[in-house]
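Peer 1: Here are the chains, one letter per residue:
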Amino acid sequence: MAQSVESMKTTRQAAATKKEFDTVGYWRSNVRLIISLLVIWFAVSYLPVLIVNQLNSINILTGFPLGYYMGSQGSLVVFVALIVYYAWRMQKLDREYGVDEE
Amino acid sequence: MAVTNKPSSAGWFSNYLARRYTYFTIGFILFSIFVGILESLGVLSTSGIGYLFLFLTLAMYAGIGIMSRTKHLDEYYVAGRNVPAIANGMATGADWMSAASFISMAGTLWLLGYDGLAYIMGWTGGFVLLALLIAPYLRKFGQYTVPDFVGARYEGNTARVVSSIAAIIVSFTYVTAQVTGVGIIMSRLVGVSYPVGVVVGLLGVLVCSFLGGMKAVTWTQVAQYIILIIAYLVPVVMLSYALTGVPIPQLMYGQALQEVQRLETEQLGTSTYLEPFNEGLNNASAVSSARQIGLTPPAAKSTNDWVGTPWNFLALTFCLMVGTAGLPHILIRFYTVPSVKESRKSVGWALFFIFLLYFTAPAYAAFSRWEILKNVAGQPIASLPAWTNNWARTGLLNITDHNRLQDASISELPTWANTQVSNGSLVINDANGDGKIQLGPFVPADASDPSKGGTAGELSGTAVTAVSTDGILQFREISIDGDLVVLATPEIAGLPYTVAALVAAGGLAAALSTADGLLVVIASAIAHDVFFKTLRPNASVQTRVRIGKAMILVAAAAAALAALPRLALISQMVAWAFSLATASFFPIILLGIFWKRANGPGAIAGIIGGMATCIFYMVMNYIDPTFNVLGISHLGAGVFGLIVNFILVIVVSLLTKEPSEEIQRLVESVRRPDKDPTHEELQPAAEPA
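Protein chains in written order, with our numbering: chain A, 10 to 111; chain B, 12 to 700.
Please note that a few of the clues may not be correct.
[As the list claims (entries may be wrong)] For lysine to any residue, the following SDA-like pairs were computed, each having C-alpha atoms within a straight-line distance of at most 25 Å:
#1 607/B - 654/B
#2 463/B - 560/B
#3 463/B - 488/B
#4 686/B - 32/A
#5 686/B - 72/A
#6 560/B - 606/B
#7 312/B - 474/B
#8 560/B - 269/B
#9 607/B - 41/A
#10 686/B - 97/A
#11 686/B - 38/A
#12 607/B - 72/A
#13 312/B - 213/B
#14 686/B - 110/A
#15 385/B - 72/A
#16 686/B - 37/A
#17 447/B - 460/B
Since the hints were derived computationally from the structure, they do not count as laboratory data. If you're wondering where the values come from, they're calculated on a predicted model, not measured in any experiment.
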């Protein structure tokens, strides 16, 4: 259903009065956040693998060798935490820049 | 049209769903307990229990499928865009976890030890990439399929068609493997033959998807997740309780790992379970696949040059992670949530629900390995635990001690014995001509070196040793198929058959849910991307829905046909799908969002170059493992394709015209979660009332 000419005009008028959205600032904050989380993602996925033999000499909890633990549980927990943190932090960012969908 | 598509009272809707699915869960648990009671009273036979679980779960999916029937385009392709984040998380979890995750994952960990963790990390870590780099932007873009995005972002029909073809190829091999999985599970659950199982699987898939498209698929997937997670957790919780006294397997299997190390060192002299990077490369799979298809197999080759280095492990993990974020059937799940904010949450929920299964799989492997080392290995063959003999009959467990051949008919030897006969290490001399094998005391061929083989009654050869004829089952004489780990755990834990049937129902749920999601991708690629957007842009809404339904039917039938010959190559192709997605979709979608300068020619060059590189490395290394870079196998070929793809997109984009103003606006629009008031939204036109 095409918008009528009338309603298109109203939209543009509303835009003119709405606060100017700082696209560049918002995007930069987003990208900075993404990069820092990806660094953690990379570190927890690939670095323990490179030193797995040394890590395996340490036992934790009920007897998990640390190298094996990182690959089977440790990294996974961090993955979930990263996503949860990102969703929460982005919601705050959205509100800060006025682009929250509500 | 607003980005946020909330139903009139979102809170009510979510509560309605939560209540319905809670009743469903409680009902299912009560049903299972009821069947268990009936079993202990002797009222039901094992096949009766099998049929009961099969038909009940299929009936539930059919019920949900019928309740979700629709003729609305939005509902058929993207479930009406009103699936709450938690529900979408469960649906994505079920969609993601196929029969392979459910049944084979734990077995892979059992067989590979530490090296199997590449799959655990690989199939979970990709969701971080999805949440941060893809899902929110795809949702903001808000159309129906992945080729929609590629076509809109990269100016036109070439990119759209190329990506549609890529999506269909990847999804079709994947869905064929799922239908194969359903066929196998059916034959185990109710004892029907494999082809019948495939047909039943076909019908199962259709009841979940035909009438309601993505809407039906989503809501059946939620139910299937509930069933599969209950089915997965129950046996291993009970086994953990039986072995350690604590019913939290994910915490307690550390103890199992310690015991495994101790027992392996005791029995084998050294412990290999935790040792990393201990597999060399070989082309056994290529040889057997070629034989199965009827081609001349390549010469058997293997190389251990890179054993002990982490590069293959890292490359495989990387390809699995990045491939996750490039697989069409996962990407489209994020079109179905109401908003960008919900899409981020939804990825979080999806990973959480997937995590529940994935962090339990290593426990399955550790506990069953402990059990086998403790109570099966080192035991006299005449007095093995009952479950061992039961499973030996299915062929998933092989006892390769020669004493098992006592009184065996020479024409019907087990596979492992036939292999030894054909490679000359075992010679059978039927001295009394009765067609059966009689063993005698072992006499070494060379008294000074008993490991060189000898004679024991009617058997002789290099494979016949003091150890192989001593009537004691050494750990080395046990060879198992990975699937045994999950399937046999109920029996190992001493649970009633009801639990084994529950596990099979869970595997079925996993396979069906993944298959449906793939069918929607295939059907929508043909009906929406090729037919509607490319060939007939003026097609009516009814036509589009009708073609969509027809394509689901066609794709399902084609998958069933392709699954019938049961090619070993199919499961190999599923593994390759991840590398292909890594080398093709992921880079162009990522750059499409994060780099405005990426243009059509660049994307096409990238996707073709990436795929070509990936396929080249895959085929070369698959046939000849001495062809490799840093010991990376064909499963990690995506790494090279990804690099080539990125380079080509960047170079070709910079050498050609920059994207139009309209496309740059599109990228800006996709990067912000709200409606941009100064520019027209690129939303699909609303349906006529």
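Peer 1: Assess, step by step, whether the Cα of residue 463/B is no farther than 25 Å from the Cα of residue 488/B, and give holds or violated.
Peer 2: 17 Å, holds
Peer 1: CA of residue 312/B to CA of residue 213/B, is that 25 Å or under?
Peer 2: With Cα atoms ~38 Å apart, residue 312/B and residue 213/B exceed 25 Å; violated.
Peer 1: Can you confirm whether the C-alpha distance between residue 686/B and residue 97/A stays at or below 25 Å?
Peer 2: It holds: about 20 Å lies between the C-alpha atoms, which stays within 25 Å.
Peer 1: Are the Cα atoms of residue 607/B and residue 654/B separated by 25 Å or less?
Peer 2: 19 Å, holds
Peer 1: When you check the alpha-carbon spacing of residue 686/B and residue 72/A, does it fall within 25 Å?
Peer 2: Given that 25 Å is the threshold and the Cα spacing comes to 52 Å, the pair is violated.
Peer 1: Does residue 560/B sit within 25 Å of residue 463/B, going by the straight-line distance between their CA atoms?
Peer 2: Not OK: residue 463/B and residue 560/B at ~65 Å, beyond 25 Å, violated.
Peer 1: Would you check the hint for residue 686/B and residue 32/A, treating anything up to 25 Å between C-alpha atoms as holding?
Peer 2: 13 Å, holds
Peer 1: Residue 385/B and residue 72/A: Cα distance at most 25 Å?
Peer 2: 18 Å, holds
Peer 1: Take the C-alpha atoms of residue 447/B and residue 460/B, compute the straight-line distance between them, and say whether it is at most 25 Å.
Peer 2: With Cα atoms ~29 Å apart, residue 447/B and residue 460/B exceed 25 Å; violated.
Peer 1: With the threshold set at 25 Å, check whether the alpha-carbon distance from residue 686/B to residue 37/A stays at or below it.
Peer 2: Satisfied, since the Cα-Cα distance of roughly 19 Å is no more than 25 Å.
Peer 1: Would the pair residue 686/B and residue 38/A pass a check requiring their Cα atoms to be no farther apart than 25 Å?
Peer 2: Holds. Residue 686/B to residue 38/A sits at ~19 Å (cutoff 25 Å).
Peer 1: Could you grab the alpha-carbon distance between residue 560/B and residue 606/B and see if it respects the 25 Å cut-off?
Peer 2: Distance ~37 Å between residue 560/B and residue 606/B Cα, so the pair is violated.
In this structure, the earlier hints numbered 2, 5, 6, 8, 12, 13 and 17 are contradicted, and the remaining ones agree with it.
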